[in-house]
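Q: Residue numbers (the numbering used here), protein chains in the order written: chain A, 1 to 110; chain B, 111 to 228.
Don't read these hints as lab results, they were simulated from the structure.
We put the CB at the ideal spot given by N, CA and C, even for glycine.
Among these hints, one or two may not hold up.
[What the hints assert, rightly or not] Below 25 Å or equal to it, Euclidean Cα-Cα: the simulated DSS-like pairs (lysine-lysine) are:
1) B:K122 / A:K46
2) A:K67 / A:K17
3) B:K122 / B:K133
4) A:K17 / A:K54
5) A:K67 / A:K46
6) A:K46 / B:K129
[Unchecked claim] Chain A residues, not near chain B, derived (Cβ > 12 Å throughout):
7) K17
8) D61
9) R62
10) E84
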Amino acid sequence: QSVLTQPPSVSAAPGQKVTISCSGSSSDIGNNYVSWYQQLPGTAPKLLIYDDNKRPSGIPDRFSGSKSGTSATLGITGLQTGDEADYYCGTWDGSLTAGVFGGGTKLTVL
Amino acid sequence: QVQLVQSGSELKNPGASVKVSCKASGYMFIGPSINWLRQAPGQGLEWMGWINTNTGNPTYAQGFTGRFVFSLDTSVSTAYLQISSLEAEDTAVYYCARDLHYIRFDPWGQGTLVTVSS
Chain A
1 QSVLTQPPSV
11 SAAPGQKVTI
21 SCSGSSSDIG
31 NNYVSWYQQL
41 PGTAPKLLIY
51 DDNKRPSGIP
61 DRFSGSKSGT
71 SATLGITGLQ
81 TGDEADYYCG
91 TWDGSLTAGV
101 FGGGTKLTVL
Chain B
111 QVQLVQSGSE
121 LKNPGASVKV
131 SCKASGYMFI
141 GPSINWLRQA
151 PGQGLEWMGW
161 INTNTGNPTY
171 AQGFTGRFVF
181 SLDTSVSTAY
191 LQISSLEAED
201 TAVYYCARDL
211 HYIRFDPWGQ
221 GTLVTVSS
């Protein structure tokens, strides 16, 4: 049982837009920055978004992050088949004094 | 370039121990913490804890105390994860990751598969 809640799967057609939600509480998302990670099949996770909405260098602007209250959202526009992956949100939980993650969302580009 | 390179896959018998290494290059090792995460087969990411590269002080998440030990050798810019008394439930891919600021993990090691089976 993950501390953060993500939908198990989302899907959309190539070229379309998709959003992935991440729900938490005041002890985690509500008071700490959120990061998002992309895990392509058989590879290690890669940082996609940090500090709620910032992109590391090299990450295309098709990927965006936002946060409101105790929920965060990852947006991906102009979907490509290469975007098929598992996506995870993560943050710090001040009550648990631990890093916490969502269960992951599998993106299928139909 | 900045990277973390982990040691190779391990197959261990129940009750044995394993030590996974994570060698950093391309940046100053002392400073950002090294975190360890576990991903069981077909499952999500689980945060195991972190080690302070300035002091060598480890912090373990709940569920990862006792049999799990984080350590460093700063002379070779390497972090280690040792797991003792291995159980079948320890079968997983273990990742190290540099933490730039509270779960901002970049980069990650490529992962080390530890399989516990007789």
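Q: If a hint holds in the structure, say so; if it does not, say that too.
A: How the hints compare with the structure:
1. The hinted pair formed by K122 of chain B and K46 of chain A fails the criterion: a straight-line CA distance of about 28 Å is larger than 25 Å.
2. Taken as a hint, the K67 of chain A and K17 of chain A pair is honoured in the structure, with Cα atoms around 18 Å apart against an allowance of 25 Å.
3. At roughly 22 Å between alpha-carbon atoms, K122 of chain B and K133 of chain B fall within 25 Å of each other, so this suggested pair holds.
4. The hinted pair formed by K17 of chain A and K54 of chain A meets the criterion: a straight-line CA distance of about 19 Å does not exceed 25 Å.
5. Of the supplied pair hints, the one linking K67 of chain A and K46 of chain A holds, its CA atoms being roughly 20 Å apart against a limit of 25 Å.
6. Among the hinted pairs, K46 of chain A with K129 of chain B is consistent with the structure: their alpha-carbon atoms are about 24 Å apart, no more than 25 Å.
7. Distance check on K17 of chain A: its Cβ is at least 24 Å (rounded) from any Cβ of chain B, clearing the 12 Å threshold; non-interface status holds.
8. Its beta-carbon lying about 18 Å from the closest one in chain B, D61 of chain A satisfies the requirement of being farther than 12 Å from that chain.
9. Distance to chain B confirms R62 of chain A as a non-interface residue, since its nearest Cβ pair spans about 19 Å, more than 12 Å.
10. No Cβ of chain B comes within 12 Å of the Cβ of E84 of chain A; the nearest lies about 17 Å off, and the non-interface call holds.
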